[in-house]
Amino acid sequence: MSLAFDILLAFGVVFTAAAALGTHDRVASIAGFVVTGLLVALSLVRLGAPDVALAEAAIGAGLTGALLLRSAWRLKPAESRVSPAIDRIIVALIAVCLSGALAWAVYTAPGAALYPALVSERLAESGVTNPVTAVLLNFRAWDTLLEIAVLFVALILVRIVAPAHPQPVVLGELMLPFARIVVPMCAFLAGHLLWQGASVPGGAFQAGAILAGGLLVLMLGGFAVLTPRLLSWGMMVALLGLAVFAVAALSTEALTGTLLLYPDGAAKIWILMIEAVLTLSIAAMLCLLFCGMPRRPLNDV
Amino acid sequence: MTTVLQVVGLTLTTFGVSFLLIAALGVWRLPDVLSRLHALTKADSAGLALIALGAACLKGRPDSLLVLGLCVVLVALSGVTIGHLIARAHLSEGDLE
Amino acid sequence: MTIHDVPPIDRQQTPSATTEPHQEVLAVARSSGRLRGAITTGTVLVVLWAGFHWNDPTSWTVGVPMALIGGALVLFLPASAPLQLSPLGMLRFAKFAIIGILRGAVDVSWHSLSPRTLQPGFIPWRTHLPKGGPRRLFAVAITLLPGTLTARIEDDMLTIHALDLSDATRDALAALEAHIAKLYRLDHKEMVL
Amino acid sequence: MILNFLAFCTLVATLAALPRLIIGPTAADRIIAAQLAGTGTVATLIVLGTADKTPALFDAALVFATLAAVSGLAFVALQRTRL
Amino acid sequence: MTSELIYICAGSGLVGLAFYRLATCRDMLLRVLSLNVLAVGIAILFLASARNAGMTDAVPQAFILTGIVVLVAVTAALLALAEQIDSQRDE
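Chains as they are written, first to last, in my numbering: chain A, 1 to 301; chain B, 1001 to 1097; chain C, 2001 to 2193; chain D, 3001 to 3083; chain E, 4001 to 4091.
One thing to keep in mind: the hints can contain errors.
As the list claims (entries may be wrong) - No more than 30 Å apart at the CA atoms, straight line, and that leaves these computed lysine-lysine pairs for DSBU-like:
#	chain 1	residue 1	chain 2	residue 2
1	D	K3053	B	K1059
2	C	K2095	B	K1059
3	D	K3053	A	K268
4	C	K2131	C	K2182
Just so you know, the hints here were simulated from the structure itself, not pulled from any lab data.
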């Protein structure tokens, strides 16, 4: 029975992705993509990766959808110049070959499981019991630091390009009870995931994405307007994550002589502190990426 | 006692799943957007509530009850709000028969 | 038929500074209302956290800041009047709502199985419930009850989409309104005023 | 075993509304289909969590429920920004 | 092992679909969408191959997790650039 479940789920993933990519209706593509994200998250749960599934649900199905919807009406559809049939057939053939080769290569690749033994061997000294969090913030913390830097670079790019501000419609009276429950719920879940990320699935990335979802509800409901002051606060919080992470890296260098090697026995406190700041900073960054940070009017400068 | 809970839980879950199936069927078969919204706001929320209740019975632990209750509240609330917002947007197109 | 280009229906009711002599007082009252809302939310979050992490006292290092942030986010939302609910009314309303939701689900399932019997339409409804919480609860409850869906709220006029336009629907709406009035301890005299 | 079958049925319910997402005809229909699929995934996770005896899936279901609300809201709120 | 094979097929199917769409479509939004689908497909492939005897390797999980977060930032940047290109084409 669970095999039938897997087959149906895999079929659903490919079907919704094809639906999303195969139509020129904006809402249909984006709704299809959001549903694809949900189903992919479900299949990641089946593949035993609930940490990734949580992130995919929060980001792939939630925030990317909102981001695409923001831009959907601003990007004009391309002139409907259909490429000739022969081209499409050739491309389709290449795509099928690519898929087949990829599936074959991945399936027959030797399953040299090198990492799991290493990770479980040293999990005890990482300060946390969730192996994914241990990899992210202890064993490979340097990578994570650079990834936060990448996020920040994307934020700066968006700040320079300065797309227009999204303008949600006025949504009326029933938005208030919705926001009153969903927004605190997002904050609660962010804290919950952050705390339990040390032992079971969860962590700073998922928590940040969910907190960003709460902020998005405030924006879309028209309750919070991005004033220049709020914007500069947001930028500051966004930078704070990178700054605290970098300072932590340098101070571990000073304390233990190795970059991001936490002092003995205190690893959990260090990880939790960095993660807490990262949560806030990721939430601020994702929210600002959505809002697009418009340039100020000239007379305002 | 546990077998009673098991049976009750399975029955509730079955009912909930059938409500979800019927809601999907309703989205297929009901004639216009506003009628389809009824399937979203009622059958779906009630179906999820029954499934959550059944899961709580099968699990038999009080702390999972809290998580499941929150799930139900959130889904019902979002169903109601989004249903209302779609109906509202649809109505202001001026097709009040 | 698309739902683009919807004209805004709701006018934000903000007291203008020139016509309101007690602007200062009002502003303070409103801000204190928001503060009360934030404190209430924070308390609820703390209780929830206690329910999730009761076996781990160290978890409060994250729980307390989380409750503060959750409360602070609620400061963005406009305040509403303090609740004066009657506990007995709450129980009664909960029973009424649960039965109503189940009946609603059965009803819409029945209609999905035989859509030919359907005669949908709109019912205008003037409510006596006061503005704010009670009226919003009324709108939400309508949507969860059998065969009805709130499509528009304009002051005290609600436009309700119903799957069945008979008198039974109107009776159900009147019963629901009475239930909510009891829940908020409003007697009929107050409601007409 | 029964629970596995029920999980399968829930997945069927999740996928069953999706043709509406493709054929529409209005944007509202597509949003309704997406919202139904969101509820369906929450339900699937709950049933799977009961079948697999892993309560971590309930937390995942809670995250899905919250985010389904946010993306549904985004669909409705960002409709008019076409101009 | 068979269930991994199913997901490997789904992941490579997604990659193929995204490749086809990227090559044949000129619409900016659909291209960004295809990139996202491509990334998701690769994520599924990665995790399906990282599964071994009922356990999933933590290192690829961590990579994919950060990859998803970076992907949303890249999507935002691409969309901002696409909007800019569109508005300049108008002038």
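ask   = Under the criterion that the straight-line Cα-Cα distance not exceed 30 Å, is the pair K2095(C), K1059(B) satisfied?
value = With a Cα-Cα distance of about 24 Å, the restraint between K2095(C) and K1059(B) holds, given a limit of 30 Å.
query = Taken at face value, is the distance from the CA of K268(A) to the CA of K3053(D) at most 30 Å?
reply = Roughly 28 Å between the alpha carbons, so the hint for K3053(D) and K268(A) holds.
request  = Could you grab the alpha-carbon distance between K2131(C) and K2182(C) and see if it respects the 30 Å cut-off?
outcome  = holds, 16 Å
request  = Mind checking the alpha carbons of K3053(D) and K1059(B) for me, to see if they're no more than 30 Å apart?
outcome  = holds, 8 Å
Checked against the numbered hints above, the structure breaks none of them.
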